[in-house]
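Chains as they are written, first to last, in the numbering used here: chain R, 1 to 382; chain F, 1 to 69; chain G, 1 to 268.
Accuracy of the hints is not assured; some may be wrong.
[Said to hold, decoys possible] In silico EDC-like links for lysine to aspartate or glutamate, alpha-carbon gap of 20 Å or less: (1) G:K258 x R:E277; (2) G:K4 x F:E63; (3) R:K257 x R:E193; (4) R:K325 x R:E277; (5) G:K10 x R:E242; (6) G:K258 x R:E242; (7) F:K28 x G:D215; (8) G:K10 x F:D14; (9) R:K196 x R:E182; (10) F:K29 x G:E261; (11) G:K4 x F:D14; (12) G:K40 x R:D220; (13) G:K10 x F:E63; (14) R:K48 x G:E261.
[As the list claims (entries may be wrong)] Quick list of simulated restraints, FRET-style, between CB atoms: (15) G:A2 x R:D249: 35 to 41 Å; (16) G:G211 x F:K28: 19 to 25 Å; (17) F:E32 x R:V203: 44 to 50 Å; (18) G:N35 x R:E193: 48 to 54 Å; (19) R:V203 x G:P236: 54 to 60 Å; (20) F:Q65 x G:I259: 48 to 54 Å; (21) G:Q257 x F:G8: 50 to 56 Å; (22) G:N35 x R:E188: 53 to 59 Å; (23) G:M249 x R:T117: 35 to 41 Å.
[As the list claims (entries may be wrong)] Here are some of the chain G residues that sit facing chain F, going by a computed Cβ distance under 7 Å: (24) F12; (25) A213; (26) V214.
Because the hints were derived from the structure by calculation, they are not lab data. Even glycine gets a Cβ: it sits at the ideal position worked out from N, Cα and C.
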Amino acid sequence: MASRLTFVQGNEACVRGALYAGLDFFAGYPITPSTEIAELMSVELPRKGGKFMQMEDEIASICAIIGASLTGQKVMTATSGPGFSLMQEGLGYAIMAEIPCVIVDVQRGGPSTGLPTKVSQGDVNQARWGVHGDHAIIALTASNHQDVFAMTVDAFNFSETYRTPVILLFDEVVGHMRERLEIPESGEIPLVERLKTSVREGVDYHPYLPREDGRLPMSDFGGVHRYNVTGLFHDMWGFPSENPRVVHDLLRHLMDKIENHVDEVTRYKEYFVDDAEMLLISYGSAARSALHVVMDRHQHGERIGLLELQTLWPFPANLVREKAKNARYVGVVEMNMGQVLQSVKMAVAQPERVFLANRVDGVLITPVDIRNILRLIQGKGV
Amino acid sequence: MAKAKLKGHLINRDWCKGCGICVNFCPKKVLELDEYDKVVAVRPQDCICCRLCELRCPDLAIEVQTEQE
Amino acid sequence: MAVKDYLREKFFPHIWCPGCGHGITLNALVRSIENMGLKKNDIVMVSGIGCSSRIAGYLDFHTLHTIHGRALAFAIGVKMSRPDLTLLVPMGDGDALSIGGNHFIHACRRNIDMTAIVMNNKVYGMTGGQYSPLSGYGTMATTAPYMNIDQEFDVVNMATAAGATFVARATSYHVNQLADVLQEAILHKGFSVVEVMTPCPTYFGRKNKEGSAVDMMEKLKTMTTPIDSKAKRENPSLIERGIFVKKEMPEYCTEYQKIIERAMKTAP
Numbered sequence: 001m002a003s004r005l006t007f008v009q010g011n012e013a014c015v016r017g018a019l020y021a022g023l024d025f026f027a028g029y030p031i032t033p034s035t036e037i038a039e040l041m042s043v044e045l046p047r048k049g050g051k052f053m054q055m056e057d058e059i060a061s062i063c064a065i066i067g068a069s070l071t072g073q074k075v076m077t078a079t080s081g082p083g084f085s086l087m088q089e090g091l092g093y094a095i096m097a098e099i100p101c102v103i104v105d106v107q108r109g110g111p112s113t114g115l116p117t118k119v120s121q122g123d124v125n126q127a128r129w130g131v132h133g134d135h136a137i138i139a140l141t142a143s144n145h146q147d148v149f150a151m152t153v154d155a156f157n158f159s160e161t162y163r164t165p166v167i168l169l170f171d172e173v174v175g176h177m178r179e180r181l182e183i184p185e186s187g188e189i190p191l192v193e194r195l196k197t198s199v200r201e202g203v204d205y206h207p208y209l210p211r212e213d214g215r216l217p218m219s220d221f222g223g224v225h226r227y228n229v230t231g232l233f234h235d236m237w238g239f240p241s242e243n244p245r246v247v248h249d250l251l252r253h254l255m256d257k258i259e260n261h262v263d264e265v266t267r268y269k270e271y272f273v274d275d276a277e278m279l280l281i282s283y284g285s286a287a288r289s290a291l292h293v294v295m296d297r298h299q300h301g302e303r304i305g306l307l308e309l310q311t312l313w314p315f316p317a318n319l320v321r322e323k324a325k326n327a328r329y330v331g332v333v334e335m336n337m338g339q340v341l342q343s344v345k346m347a348v349a350q351p352e353r354v355f356l357a358n359r360v361d362g363v364l365i366t367p368v369d370i371r372n373i374l375r376l377i378q379g380k381g382v
Numbered sequence: 001m002a003k004a005k006l007k008g009h010l011i012n013r014d015w016c017k018g019c020g021i022c023v024n025f026c027p028k029k030v031l032e033l034d035e036y037d038k039v040v041a042v043r044p045q046d047c048i049c050c051r052l053c054e055l056r057c058p059d060l061a062i063e064v065q066t067e068q069e
Numbered sequence: 001m002a003v004k005d006y007l008r009e010k011f012f013p014h015i016w017c018p019g020c021g022h023g024i025t026l027n028a029l030v031r032s033i034e035n036m037g038l039k040k041n042d043i044v045m046v047s048g049i050g051c052s053s054r055i056a057g058y059l060d061f062h063t064l065h066t067i068h069g070r071a072l073a074f075a076i077g078v079k080m081s082r083p084d085l086t087l088l089v090p091m092g093d094g095d096a097l098s099i100g101g102n103h104f105i106h107a108c109r110r111n112i113d114m115t116a117i118v119m120n121n122k123v124y125g126m127t128g129g130q131y132s133p134l135s136g137y138g139t140m141a142t143t144a145p146y147m148n149i150d151q152e153f154d155v156v157n158m159a160t161a162a163g164a165t166f167v168a169r170a171t172s173y174h175v176n177q178l179a180d181v182l183q184e185a186i187l188h189k190g191f192s193v194v195e196v197m198t199p200c201p202t203y204f205g206r207k208n209k210e211g212s213a214v215d216m217m218e219k220l221k222t223m224t225t226p227i228d229s230k231a232k233r234e235n236p237s238l239i240e241r242g243i244f245v246k247k248e249m250p251e252y253c254t255e256y257q258k259i260i261e262r263a264m265k266t267a268p
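Start from the sequences and build out the full structure, keeping to the hints where you can.
Given below as structure tokens:
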């Protein structure tokens, strides 16, 4: 398939990315501002022999995609804040049972019903800690449609590589706005396929025994190996265990398999960071405004730069610390009350340099908003 | 169908939990619980091979083996 | 293939109490599977949480032990992706009809080809004997210490109203009927619901002074009767056993396959 130029919503860019990555099964429930993803999936998936289901609620959606993933399929669901809250238990199950799946959260004003049609970036910390218990998670985001597409493909690739759910944290502005998207030729972006076990029929297969390279080969349900999958702590055969050694090792494994690979899953973009006196750190649609400020002020000779994060979790602390080391001021630009700010402050030397440039009223933070805050911080008034 | 002839009652004493269901519902009172609360066939000669003990056992601990097997 | 070939024998004796009806259900289920000659690799068992749901661990199939109340949702994902597999979904009464009520209703409605086995012991056993939506007015439980004032569901009526195309009830006492009904349920191409009335001697039995496991089995014999029997007409309070609904309706996976065929014709 040759590359093709389109003009679409961000939600559609996500759908195109998922289809490009080889999505087979989508189950979801309508919720603004993600509904277009479900609608488009209902059209496109059956066209390629895939399956779409509108489930009775978000809980059923996350559970259904986990079931489908166990049969070897690439799976996804999409929702927003309230639905994402409902999915946490299912998400925890996928984490514990190490089942690949992709969950899209197109963020809107929260908490609770909040602002269904308006933007926020309020679910960042929930993506990390919404699930109970100690665990690790990968969460990606994007500020423009080309990156929405690319991060969606990355999400599927990371999901298969690390045998884990991956969250795509988009937001209402990116989800609903229309922008240019060039869909690459097939083969242009490498895909990671399900790693299947090479253990033959009749030979003992351990669903939870990592290979030497750390990856865990899977065996499809309905295939030649019968095993147990559970949300309880379990041994390498998947059977429940409360043995302290087994529990400790499994918990460490679930954390380490992601936390030890921060570099491999870190995606970001940088603009004029090296000599920046004022470093902005941003992500998602807020980064569009931050970038505008940087490009504009740079032309006026200001030493201002932008670090646009595309991987939010595991938080790329070393990257942020490194990029921020020479800046006099570090401004985190986001549409919440300082969720990434917390992580940045913990990561950098001299956290007193770090401040928040935010907006939390459902309206996209503007370049003027950011500029005014920068001027205040620098003691220059508005 | 020819009437099955009993070969024996295969009882797994590790699995038997002594619930007494097989004992109580045996139509011919073939079974009893011993001093360890495990089932034993005390009157095997009365067994009509109805298999109700085998079918009703919650622990799959008793099997009626017949000559046809 | 002997019945034992379907078991994960290394985990026996199982965790269920002496006289637990779940063990009897397991017994009947493996017999019906053996009778049908189903291949182990073709069976996926998806269970929830609770004593009943532990059944999956004891059977040598593809087993998926999920979260409380959500077994049917997981099962639907498996079935839609692999419609050729046989899906068995054993759940407890609380798992299926309390927290899982919504998924139960919609699974019935969709008529997706799988078999829901509601192992109804009228109590939350694993957590120590709390009342469930199947316990009934007047019963006692750890969270109804004065008396339960909740009316109970009728599983058969619920399933029928929600659209299940095979609905049956059996008991742990009537094991031959239980095995037959399970077999018909599994062979039925559509959403099958089998309610199995099973005793919980340890919690429900003790709290409600129903005696031993043997006494509770005896009660299952005397308080139930075949559908529309003379005994039922004389004594309406008896609970009917048998097959209540058995009809052929479009099955969900088959219908979706038609959608795929239509959609593929519109693909660029």
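Tested hints:
1. G:K258 x R:E277: Cα-Cα ~62 Å, so violated.
2. G:K4 x F:E63: Distance of about 11 Å is within 20 Å: holds.
3. R:K257 x R:E193: 18 Å, holds
4. R:K325 x R:E277: 10 Å, holds
5. G:K10 x R:E242: 17 Å, holds
6. G:K258 x R:E242: 47 Å, violated
7. F:K28 x G:D215: 19 Å, holds
8. G:K10 x F:D14: 12 Å, holds
9. R:K196 x R:E182: 32 Å, violated
10. F:K29 x G:E261: With a Cα-Cα distance of about 62 Å, the restraint between F:K29 and G:E261 is violated, given a limit of 20 Å.
11. G:K4 x F:D14: 15 Å, holds
12. G:K40 x R:D220: It holds: about 14 Å lies between the C-alpha atoms, which stays within 20 Å.
13. G:K10 x F:E63: 18 Å, holds
14. R:K48 x G:E261: 10 Å, holds
15. G:A2 x R:D249: 35 to 41 Å: 37 Å, holds
16. G:G211 x F:K28: 19 to 25 Å: Since the Cβ atoms of G:G211 and F:K28 sit about 24 Å apart, the hinted range of 19 to 25 Å holds.
17. F:E32 x R:V203: 44 to 50 Å: 45 Å, holds
18. G:N35 x R:E193: 48 to 54 Å: Between G:N35 and R:E193, where Cβ atoms are some 40 Å apart, the hint is violated.
19. R:V203 x G:P236: 54 to 60 Å: The hint (54 to 60 Å, Cβ to Cβ) holds, given that R:V203 and G:P236 are roughly 58 Å apart.
20. F:Q65 x G:I259: 48 to 54 Å: 53 Å, holds
21. G:Q257 x F:G8: 50 to 56 Å: 52 Å, holds
22. G:N35 x R:E188: 53 to 59 Å: 54 Å, holds
23. G:M249 x R:T117: 35 to 41 Å: The hinted range 35 to 41 Å holds for G:M249 and R:T117, with Cβ atoms some 39 Å apart.
24. F12: Result: holds, 6 Å to nearest chain F Cβ.
25. A213: 5 Å, holds
26. V214: 4 Å, holds
Of the numbered hints stated above, those contradicted by the structure are hints 1, 6, 9, 10, 18, listed in ascending order.
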